[in-house]
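Trainee: Please take these sequences and the hints and turn them into a complete structure.
Sequence lines, in order, name chains E and B.
The working numbering puts the first residue of the first sequence at 13, with every later residue one more than the last.
The working numbering puts the first residue of the second sequence at 30, with every later residue one more than the last.
Mixed in with the good hints there might be a few duds.
Beta-carbon label-pair distances, calculated as ranges [claimed, not checked]:
(1) Ala189(E) to Val69(B): 29 to 35 Å
(2) Leu182(E) to Pro240(B): 52 to 58 Å
(3) Leu155(B) to Asn39(E): 39 to 45 Å
(4) Tyr191(E) to Ala247(B): 28 to 34 Å
(5) Lys272(B) to Ala16(E): 57 to 63 Å
Honestly, the hints are just simulated from the structure, not real lab data.
Here the structure is a predicted model, which is why all the values come from computation and not from measurement.
We put the CB at the ideal spot given by N, CA and C, even for glycine.
This is what each chain is made of:
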Amino acid sequence: MNRAKRAAIVMAVIGVLILIALIFSLNSGQVRLSPSDVWQTLIGRGTAGEALILFDFRLPRIVISLLVGAGFAVSGCILQGTTRNALAEPGILGINAGAGLAVILYISFYPVQTVAPVYLLPAIALIGAGLTAAAIYLLAYQKQGDVSPSRLLIVGIAVAAGISAAMLVLTIRLDPAQYQFVSIWLAGSIWGSNWKFVTALLPWIVILIPAAFMKARVLNMFALGDLQATGLGTRVRKERIGLLAMAVGLAGACVAVGGGIAFVGLIGPHLARRLVGPQHQHALPASALIGALLLIVADTIARIALKSGEIPTGVVVAVIGAPYFLFLLARAKN
Amino acid sequence: MNSKLNGRSDKRTDPLAAMLIVLIGGFLLLLFGIAVSISVGAVKISLDTVWQALVHFDPGQNQHLVVKDLRLPRALAGAVTGASFSVAGAVMQGMTRNPLADSGLLGLNAGAGLVLALCLALAPGLPYSQVLALSFAGAALGAGLVYGISSMARGGMTPLRLTVAGAAVSSLLLALSEGVALLFRIGQDLAFWYAGGLAGTQWMQVRWALPCAVAGLAAAVWYAKPLTLMSMGDEVATGLGQKTGRVRAVCTLAVLVLAGTAVSLAGPVAFIGLIIPHVARILVGTDYRFVIPCSAMIGSLLMVYADIAGRMVRPPYETPIGALIAIIGVPVFLIMARTEKKVF
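Mentor: Below, the structure written as structure tokens:
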């Protein structure tokens, strides 16, 4: 079977799985709605209460999980491609932590319930993520050899540890109500079950994911190594910085709305490459779909596992993702 | 590992003399630090009163009670945890020949942290002796995961792989602790503890922790010579007749006890165990018979003084020690990651 056909089939299957997960997710939660109730409500024949649950609580949360999952996974796919490091991921690299720190700084000065900050949050997270990524890049930079992938990883881990310490200091000073909010958000909860958050997140996803798809060929070049890519006419340094900026933008926006969800950016691209091959034309969209599927499943599990909904999605993702990450690490060659 | 730095210091100074200078000078600084630590805080107590409280304790005097029941255990806990974290780091660095080994980075702290979160959530009244034992088990869990996974990798355990596995295991265990904390609504209590700090240390804790730490330190000193051989590589050690299996078992046990004790007292403070052994090696060379005592002394100093600094940054609030040490630790780590060319 040729690759393109195989990729199309794989993506169609994942699409169907997402649809199934979607229906399942719509049905589950504190108030159970049967599939027929859901359907009736969707076409406008449900009760006011069902409409409220579905349209105002469940649907936005589901849409956000899908967008955040896709965003993180594409971000991870870009990072892995540009650094040629299979373990690169916004969470491990400290970009999530940087975005988180910026958001916490903001929240500790302004209340979160007001309208305006909702739209500002992704932008603020983006600034935090961008500054952190720039710092990591500069710290890992060497005159000869540009940026070594393993150095990037090590520097990222150290920077993440430092930022986590700073965040801890900030969260301790918060009052209990703010603290509860911040801690749930930090642990990676899809807390923005609100259409405002969808509209705040959507532009970033809609612009950056297709932009990444258009760079698929460049990413393929990176896989050959910097020298080869330069030989084939790629402006390696410029393209790398552009792609890293995209990855950071996606991760920053996703952290702002979804919290610090790690491992999606790692697992999504890995599974994608295993299923559709390393060509980024296929791997990028497949990553997006797998990321979306992963997060909607994790979010549904989080909701079912505890009716009160207090297990954040990020914890579920970490419980699924970390063992997989470690499995990859154990199998990885130098 | 550090041949450049050590080669230089080996030639210039006699390591034994250097160690004696560090230990004697360090001891005097430590006594001074403990005295200052007892005298500063919400109530300022003059050094004179501190001395009176220690030699002529009078239970009728409030200040004497503050010294005896609050300040003294806290200062001692600082010294104990500093020494424990540092020696745990030194032993790990020697055993794994990984210059970036540290109980915080390799999952031991996170493992102990998870177990302590579970204790806080499920059995809040558990006696400290049992909490301590459980925190050893937690440290073992974290270490086991990290070492197990990175040694399964094809091509063996490299420092990079170990560090990356440590980061992944830590984030898994932290996520689980966060889940527990949110579920049982003990988040902010746990955050205080996670941030690292010695506020509220009680005598009862010190009484249990001190013997454990001393046992761990003694084991490390006792096995310092074989550890030095192991730090040169397993072939060298085996060639010189060392039973590497036994050395590794004893050293691992010592590390778990030391890290578990320190975490249960002060919270998961990272970077001490990473930096202090490097400082010690710069001062006394690569022989662990000198590195371990020096690490213990310098670690105690760092922790006691960091605890004082944490209280003085923004009184009456306390700045968590973990954060203060991270502020020093992250740049040092980065410099090391940049200069250790062989490793990366």
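Trainee: Now, for every hint given, state plainly whether the structure supports it.
Mentor: Against the structure, the hints:
Checked against the hint of 29 to 35 Å, the C-beta distance between Ala189(E) and Val69(B) comes to roughly 33 Å, which is consistent with it. Between Leu182(E) and Pro240(B) the CB atoms are about 37 Å apart, so this pair departs from the stated range of 52 to 58 Å. The hinted range of 39 to 45 Å is satisfied by Leu155(B) and Asn39(E), whose Cβ atoms lie roughly 41 Å apart. Taking 28 to 34 Å as the suggested C-beta distance range, the pair Tyr191(E) and Ala247(B) does not conform, at roughly 42 Å.
In this structure the supplied range 57 to 63 Å holds for Lys272(B) paired with Ala16(E), their Cβ-Cβ distance being about 59 Å.
The structure is inconsistent with the numbered hints 2, 4, although it conforms to all the rest.
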